[in-house]
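Trainee: Next come the chains, spelled out residue by residue.
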Amino acid sequence: MTALFDLHDVVVARAGRPVLTAVSLTLAPGERLALVGGNGAGKTTLLRTLVGLETPSAGRIVAFGRERRTEADFHEVRARAGFLFQDPDDQLFSPTVIEDVAFGPLNLGLEPAAARARAMATLDRLGLAHLAPRVTHRLSGGEKRLVSLAGVLAMEPQALLLDEPTNALDETHRDRLIEILAGLGVAMVIVSHDRLFLEKLAGRAVLLKDGRLAPASLHRHVHVHDHVHIHGLDPDHGHVHDAAER
Amino acid sequence: MSETFLCASDLGPRPRLDRLDPRSRIVAALAAVVVIVTIRSSLVLAAALPLVVLLALATGVAAADLGRRLLHVEGFLLVLVVLLPLTVPGPEWTSLGPLTLSRPGVDRAVAIALRVNLAALTILTLLGGLEPVRLGHALARLGVPVKLVHLVLFAARFVTLVREAARRRLDTLRARAFRRRTSLHTLRTLAHLVGRLLVDAVERAERVDEAMRCRAFAGRFALIDTDHYGPADRRFAGALAVLLLVPLVTDLLT
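Protein sequence lines, in the order shown, are assigned to chains R and A. Under the numbering used here, the first sequence has 516 at position 234, and the numbering climbs by one with no breaks. Under the numbering used here, the second sequence has 113 at position 87, and the numbering climbs by one with no breaks.
Mixed in with the good hints, there may be bad ones.
Covered, in the sense of this in silico footprint (three residues per stretch, anywhere, with C-beta under 8 angstroms from a C-beta of chain A), are these stretches of chain R [what the hints assert, rightly or not]:
1. 353-361
2. 375-383
3. 386-394
4. 428-438
Distance windows between CB atoms, simulated [what the hints assert, rightly or not]:
5. R:T352 x A:V108: 34 to 44 angstroms
6. R:H511 x A:D253: 53 to 63 angstroms
7. A:V228 x R:H475: 26 to 36 angstroms
8. A:G221 x R:A403: 18 to 28 angstroms
9. A:A181 x R:R420: 25 to 35 angstroms
10. A:L177 x R:R486: 49 to 59 angstroms
Note that these hints are calculated values from the structure, not bench results. Idealized CB from N, CA, C, for every residue including glycine.
Use the sequences and the hints to build the structure in full.
Mentor: Next up, the structure:
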């Protein structure tokens, strides 16, 4: 099967500054790729380039089997690759959750009733059906993240581009997100600083540095360390405290 | 239009004018506009036009900027220039097929076009490149009510933020395969977008207000600036007075 994305020596500048100097990248169907790199390395720019929100000054982008150059080319790419933005507040704009999730399917040309049904089914699948009539800007941070994911998944994408999806999520919502993503089976590019999250999901890692991509390894060491726990004061908290701590 | 001209700090610094007290520039712009609307002779106005263009270029406005900004103005004028000759009653000037253009209508259209262009050029020349913060401070020192000054200062700060928010949100719409079409879906989407920008702006305003009150803001800014009226301003005022008197007297004599 052919690759979903295939980039050759792509160059992108933002505000006159070169961000990506020569990026080559392949994403196979079903592959989960971790994209790591420091702050300002250009990870978000690379994701934006994949769906044509940034225009490369050189290089070739092949997506879903065709070379893509113009805004019209990328329209089809956006219909097949779901982009989850870093700040869910940027993405949620409709008054209610159900309208926001139905927005993508409507853009794909579905009839309003069908789009609504698809949106409802997606929310249901993610266990968010109870949120459907809620007003988007009154959701909690975790709910906003999951609803914005529903908005992307409702388009039934073949690939997901996730920009720091666990940002500002508590553990419950993060575990929920991992569980949902692990069960999807679609290809993903995951930008994250959350190593545990990457370890659970990603099969391969690449490092973006100085505008180029290099293979990276994602592996586990045994460290001996202590860390901070926070829990309520009831005695039934399920672990033993050090004697020194008491 | 006010944004195109007054917040035109993207014109870059204008070293010659920036040496002046910004109050001089504001008063000068006001005086010049008053003179422009007072002059009745289209001939005098037409003669002033190349002069003002030269002054604009000489004080450091790039020709490309000048053209681009004037184009906005011509857009507004187009309707007037087309409609006035057709609608103002009076003796016929010429006729195009079934349409007759009246003499007074053409005169009026020409005069208005000249006045608006001159006024726009003058404001661009004198206030273009003036940083919004300096503009606000100068207005305060000219005795403009403090509430209006706050509005100017806040608008200057937040217009860019709202514009960025709008751009980010449009990107997220495009990422979900949205295209503008002539459809109810497009209209509803854009309406939701505008609504959301308003809600965001109000919420941001509330947060800013809270943050300001936490820093002991009680409705008054201490405006800190170092501009003062000096010899350069006196020379500028003298030259401007001569420049404005010449067309005014010529107009009275013709």
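Trainee: State for each hint whether it applies.
Mentor: Right, here's what the structure says about each hint:
no. : hint                                : result
1   : 353-361                             : holds (count 3)
2   : 375-383                             : holds (count 4)
3   : 386-394                             : holds (count 4)
4   : 428-438                             : holds (count 3)
5   : R:T352 x A:V108: 34 to 44 angstroms : holds, 36 angstroms
6   : R:H511 x A:D253: 53 to 63 angstroms : holds, 58 angstroms
7   : A:V228 x R:H475: 26 to 36 angstroms : holds, 32 angstroms
8   : A:G221 x R:A403: 18 to 28 angstroms : holds, 27 angstroms
9   : A:A181 x R:R420: 25 to 35 angstroms : holds, 28 angstroms
10  : A:L177 x R:R486: 49 to 59 angstroms : holds, 54 angstroms
The earlier numbered hints are all upheld by this structure, with none contradicted.
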